[in-house]
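Visitor: Required output: the full structure, derived from the provided sequences and hints.
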Amino acid sequence: MTEQLKEDPPLGRVVVITSGKGGVGKTTSAAAISAGLAKMGYKTVVIDFDVGLRNLDMTMGCERRVVFDFINVIQGDARLKQALIRDKRLDNLSILPTSQTRDKDALTKEGVDTVLTELKQEFDYIICDSPAGIERGAQLAMYFADEAVVVTNPEVSSVRDSDRVLGLLSSQTRRAETEGSEPVKAQVLLTRHDRTRIENGEMMTVEDVLEILAVPLLGIIPESQAVLRASNIGTPVTLDEPSAASRSYEDAVARLTGQEVEMRIAGERRPGLFHRLFGRSA
Amino acid sequence: MNLFGLNLGSRRAKSAQTAKDRLQILLAHERSRGSGTPDYLPDLQRDIVQAVRKYVDIEIEDVDVRMDRSRDISSLEINVEIPAGKKPGSDPNT
Numbered sequence: 001m002t003e004q005l006k007e008d009p010p011l012g013r014v015v016v017i018t019s020g021k022g023g024v025g026k027t028t029s030a031a032a033i034s035a036g037l038a039k040m041g042y043k044t045v046v047i048d049f050d051v052g053l054r055n056l057d058m059t060m061g062c063e064r065r066v067v068f069d070f071i072n073v074i075q076g077d078a079r080l081k082q083a084l085i086r087d088k089r090l091d092n093l094s095i096l097p098t099s100q101t102r103d104k105d106a107l108t109k110e111g112v113d114t115v116l117t118e119l120k121q122e123f124d125y126i127i128c129d130s131p132a133g134i135e136r137g138a139q140l141a142m143y144f145a146d147e148a149v150v151v152t153n154p155e156v157s158s159v160r161d162s163d164r165v166l167g168l169l170s171s172q173t174r175r176a177e178t179e180g181s182e183p184v185k186a187q188v189l190l191t192r193h194d195r196t197r198i199e200n201g202e203m204m205t206v207e208d209v210l211e212i213l214a215v216p217l218l219g220i221i222p223e224s225q226a227v228l229r230a231s232n233i234g235t236p237v238t239l240d241e242p243s244a245a246s247r248s249y250e251d252a253v254a255r256l257t258g259q260e261v262e263m264r265i266a267g268e269r270r271p272g273l274f275h276r277l278f279g280r281s282a
Numbered sequence: 283m284n285l286f287g288l289n290l291g292s293r294r295a296k297s298a299q300t301a302k303d304r305l306q307i308l309l310a311h312e313r314s315r316g317s318g319t320p321d322y323l324p325d326l327q328r329d330i331v332q333a334v335r336k337y338v339d340i341e342i343e344d345v346d347v348r349m350d351r352s353r354d355i356s357s358l359e360i361n362v363e364i365p366a367g368k369k370p371g372s373d374p375n376t
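So the sequences go chain by chain: A and B. Each step along the first sequence adds one to the number in the working numbering, with nothing skipped, and position 171 is 171. Each step along the second sequence adds one to the number in the working numbering, with nothing skipped, and position 30 is 312.
In short, the hints are calculated from the structure, not lab data. Please note: incorrect hints may appear among the correct ones.
Said to hold, decoys possible - With a straight-line cut-off of 25 Å between C-alpha atoms, the simulated BS3-like cross-links for lysine-lysine are: (1) B:K296 - A:K88; (2) A:K120 - A:K81; (3) A:K39 - A:K185; (4) A:K88 - A:K185; (5) A:K88 - B:K302; (6) A:K39 - A:K120.
Unchecked claim - With the Cβ distance kept under 8 Å, some of the chain B side facing chain A (calculated, not the full set): (7) A298; (8) P324; (9) M349.
Backbone N, C-alpha and C fix where the C-beta goes; we use that ideal spot for every residue, glycine too.
Guide: Here it is as structure tokens:
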């Protein structure tokens with residue numbers, strides 16, 4: 001496999017994980033997808049675009065090893081290879097953390113372009129973890145993307161924001177601005193899917209959401225205890241012990257690489273009487 | 283919900299404890315500097331390069347700085363790679 005990776009030029013595919021709305025699972029998904037791609041053998045780097053509110057490092061569990069960051073590289077204070085943190089679990093996975101001290105104005109289009117161009121020489125997948133919102137950080141995270149994963153919860157404000165982001169992807173990106181180039185390939189990743197609440201008619205169904213957004217579905221991630229656990233211990237869901245969430249992420253990752261995987265709605269077991277009586281604790 | 287939390291099993295309790303420990307270590311460092319990344323690192327790297335360059339011709343990328351923060355101590359590991367063929371004493375300005 002290493003031989004093959006050396007012979008073939010890297011794919012150099014830039015994928016933005018975005019949503020508009022905060023708290024829907026962008027960073028969790030960026031971590032799970034990048035680890036999933038690396039597990040499949042793709043050389044992968046995940047970049048935190050949320051300047052000033054660094055969190056990807058915690059989700060990936062490398063927060064104590066950050067020395068230089070994305071902004072240091074853009075501003076010429078450090079070389080890219082000095083800022084890249086090699087994952088301790090998977091050797092073909094790297095993390096480019098962002099700065100905790102600067103603000104989003106430290107990101108420049110030219111700087112981001114230079115870093116991504118250099119990463120494309122070495123990596124198959126470059127996963128850009130977008131900040132929430134639609135301002136500078138989010139715009140730059142999506143600007144150079146080849147593909148987009150729009151993380152959406154089956155909930156009105158999340159779906160509305162995803163729609164807005166899909167609009168930006170089709171107008172405010174390099175692909176959109178370049179005559180004759182393919183548009184950014186956008187797909188929806190539905191997270192925090194709760195089968196019980198859908199069956200009770202309390203939550204919009206997958207079909208409802210897709211009908212509104214009218215883009216293809218990358219995957220359905222069930223609401224799962226495994227997601228909180230993984231974040232607690234600083235491990236991407238796809239590298240933690242198997243769960244409904246990790247399997248759903250693995251399916252989504254396989255689809256991202258072009259494999260055909262049947263869509264299944266996984267879910268934690270229906271809550272028992274105990275949970276129904278006392279409600280959820282989180 | 284703590285009473286009911288008892289039946290959630292010990293493994294989840296452990297992961298919550300891990301989360302708390304990780305945050306305490308990280309935030310202790312961030313608060314003591316008022317920031318996440320110690321901002322002196324780029325300057326430190328530049329100074330090291332300048333000091334070493336008095337003797338050996340190296341580039342900024344030959345210096346590798348690594349940090350590991352833990353509860354009691356943080357370690358800063360600095361690795362200076364001296365490229366083969368570089369002669370000690372060569373003038374960095376030429």
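Visitor: Taking the hints in turn, state whether each one holds.
Guide: Hint check:
With a CA separation close to 21 Å, the supplied pair K296 (chain B) and K88 (chain A) stays within the 25 Å bound. Of the supplied pair hints, the one linking K120 (chain A) and K81 (chain A) holds, its CA atoms being roughly 13 Å apart against a limit of 25 Å. Our distance criterion of 25 Å between C-alpha atoms is met by K39 (chain A) and K185 (chain A), whose separation comes to about 23 Å. Distance hint between K88 (chain A) and K185 (chain A) is unfulfilled; the C-alpha atoms sit about 31 Å from each other, more than 25 Å.
In summary, the hint linking K88 (chain A) to K302 (chain B) is supported, as the alpha carbons are separated by about 21 Å, within the 25 Å threshold. For a cut-off of 25 Å, the pair hint linking K39 (chain A) to K120 (chain A) stands: about 19 Å separates their Cα positions. Evaluation of the A298 (chain B) hint against chain A yields a held restraint, the C-beta minimum of about 6 Å falling below 8 Å. Of the supplied interface hints, the one on P324 (chain B) holds, with its beta-carbon coming within about 4 Å of a beta-carbon of chain A, less than 8 Å.
The criterion of a C-beta within 8 Å of any C-beta in chain A is met by M349 (chain B), whose closest approach is roughly 5 Å, and the hint holds.
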